[in-house]
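Number of protein chains: 2
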Amino acid sequence: MSTDTNADADAESTSKCGASTTESDADASSSGSKCGASSSTTDDSSSTCGASSNSSSSSSSTCGASSSSSNDSSGNEREVGATVADFDADPGRLTAVGLGPGHPEGMTERAKTALLEAEHVVGYTTYIELIPNEITKAADELYDTPMCGEVSRTEEAIDRTLAGNDVAIVGSGDPNVYALAGLALEILESKGATASMVDFDVVPGVPAAQSCAARLGAPLVNDTVSVSLSDHLVPMPEIESRLHAVASENFTITIYNPWSRKRRENFEKCCEILLTHRDKGTPVGIVHGAGREDEQVMITELGELEELGESEIIDMTTTIVVGTEDTYVWDDRMVTPRGYETKYDY
Amino acid sequence: MSTDTNADADAESTSKCGASTTESDADASSSGSKCGASSSTTDDSSSTCGASSNSSSSSSSTCGASSSSSNDSSGNEREVGATVADFDADPGRLTAVGLGPGHPEGMTERAKTALLEAEHVVGYTTYIELIPNEITKAADELYDTPMCGEVSRTEEAIDRTLAGNDVAIVGSGDPNVYALAGLALEILESKGATASMVDFDVVPGVPAAQSCAARLGAPLVNDTVSVSLSDHLVPMPEIESRLHAVASENFTITIYNPWSRKRRENFEKCCEILLTHRDKGTPVGIVHGAGREDEQVMITELGELEELGESEIIDMTTTIVVGTEDTYVWDDRMVTPRGYETKYDY
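Line by line, the protein sequences are chains H and X. Quick note: the first sequence uses numbering that gives the first Met the number 0, first residue 0, plus one each step. Quick note: the second sequence uses numbering that gives the first Met the number 0, first residue 0, plus one each step.
Derived by calculation from the structure, the hints in this document are not laboratory data. Treat the hints loosely; a few may be bogus.
Straight line, CA to CA, 30 angstroms or less: simulated BS3-like cross-link-like pairs of lysine-lysine [as the list claims (entries may be wrong)]:
#1 H:342 to H:279
#2 H:261 to X:111
#3 X:342 to H:268
#4 H:136 to H:111
#5 H:342 to X:268
#6 H:136 to X:268
#7 H:111 to X:261
#8 X:261 to H:342
#9 X:136 to H:111
#10 X:279 to X:268
Note that the structure is predicted; figures quoted are calculated from it, not measured.
Model the full assembly from the supplied sequences, consistent with the hints where possible.
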């Protein structure tokens, strides 16, 4: 996803192994009404949200759901409002927490602890809903926005931290995989704060590539690469160049954000590039919503991939694993040999 | 690590963000005495180990620690002993479980459940020791081998499964990252079994790249690649070619297995290749033993990397993250911008 009226399911879809987001949500570029934030106070007694110089009802406030939501609808670019100088409180702690594939059993103990210790939990609505109730109940406030607005949402998390709250900003997968750990640091910097001033920490999670590979068998055991087909933040010629570079070497390739109606051509181009370097019989694993109710798993061949672009198994919540020239399919599993067979007799 | 007398810390060191393995263990290529397996029965009443046609004390048995251990010392190559025809029992379940970075808080709930449900838990000694006592106590048997023998250990796990036991084979990080999920499937196949016959499953874990990136900040938020410098199973010219291909594109690069005394040249060659494509000021993050007692974190520049090869921070348990041309260091964090700054004003 991305921000505001230009939503394209970029960061959010790093959680594709499990994201229940539908394609129509992911492509909600024309629907400003989907971009409303909601904030729920779960414990009246301890909420301390709001920059001291910006009341939460002011239109320039970046802390507080209602104003943030109205900013969201104002356009594609928005300026960061409050800076560190606007906050009187001692900053709290900001933790970027990776939820893993999306089901509670896929979370680490450390992620659970970080969420339980946070006073405010901020995230995309779908992810907030994935968190077990006993954890969200423990938070003083939940702040969530639908499939849009990760810049304003991340800024909201930071403003709440600068206002003195301990805040967890959540996403599925890992905060370092097409996700918000970097954006949080960039916005902190733009506000004149520092990572150590707010006690910034990252709690890693199981990335989509790993969740999906596990469902497929053992496709990723050697050198591997992740490429996103979203050209929202990276120009397509750069993505094409990367695909050429890695497809000509024997990397396994995990494709994130493979398909949306707006990006048919990216997917078609990707298939074309892969086929210029790899045999059409190369095994390809497709996982949609791993571990969730709408999970679909398919193992196919590279030559068949492009035509699957229009089918429901491939959308922005799908992860695709492209095998190497050594990868084979056995008993419905994708196996990329590690190379032991060249040294050991088994 | 690898097998038997040719140990080189390959698969095991996928866990480098946290592995307490020392360099001398990792390079224990001449010390056959380090390769003894141990098996401890934690519950006498329900152990059912042993192929029906191979008693566990027979020298050809592959099920049972003592005989496996003696096989280990017999040479670099060994044949798989028992095949599926040698087992009368209904096969059990085999689960490859990723422990994550190595501390119990880094495990997922699903990994804990898989270990609690397993009758036998098989793994490298260091990893078995990382599992909380309340979990290992629940197993009927633990089978562990030191830094060597992953082929024989994996075979042992499979034989125990074919003998009717529910077995978990554990490793740190994720079973799909330079690890044993693929080897398990390959050995299953060689024995005439199938993945579905033994109910084979993979429980993903947090890979070292993610654990280390979290310690460094947000270096890996864009397209990324993992390359191992171990040439035990992949020829060095192939590794060099891959490094050239990805260094010339703007990928972040995570380097696994960066350095051992036997592979000084690989590390030097890697630094040389990276410097032909990237500026010597490119930020590089080095994490040794993330989350463990011997953790060390350093952020340096590409031009300084080679000379650090001889220092204690870089060994086979270290993970190195090489930034892109956009990566910068801010407040002791490595940040690779996602590209939002090109679209949003913050």
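To see whether the hints hold, each was checked on the structure:
A distance of roughly 29 angstroms separates the Cα atoms of residue 342 of chain H and residue 279 of chain H; the hinted pair therefore holds under the 30 angstroms criterion. Pair hint residue 261 of chain H plus residue 111 of chain X does not hold up; C-alpha atoms about 41 angstroms apart against a cutoff of 30 angstroms. Between residue 342 of chain X and residue 268 of chain H the CA atoms are separated by roughly 24 angstroms; this keeps the pair inside 30 angstroms, and the hint holds. A C-alpha spacing of about 13 angstroms is found between residue 136 of chain H and residue 111 of chain H, which places the hinted pair at or below 30 angstroms, so the restraint holds.
For the proposed pair residue 342 of chain H and residue 268 of chain X, the alpha carbon gap of about 24 angstroms is at most 30 angstroms, so the pair holds. For the given pair, residue 136 of chain H sits about 53 angstroms from residue 268 of chain X by alpha-carbon distance, which is inconsistent with the 30 angstroms threshold. For the suggested pair residue 111 of chain H and residue 261 of chain X, the alpha carbons sit about 41 angstroms apart, so the restraint of at most 30 angstroms is broken. Among the hinted pairs, residue 261 of chain X with residue 342 of chain H is consistent with the structure: their alpha-carbon atoms are about 18 angstroms apart, no more than 30 angstroms.
A hinted pair counts as satisfied when its Cα atoms are at most 30 angstroms apart, and residue 136 of chain X with residue 111 of chain H qualifies at roughly 24 angstroms. Between the alpha carbons of residue 279 of chain X and residue 268 of chain X the distance comes to roughly 15 angstroms, so the proposed pair stays at or under 30 angstroms and holds.
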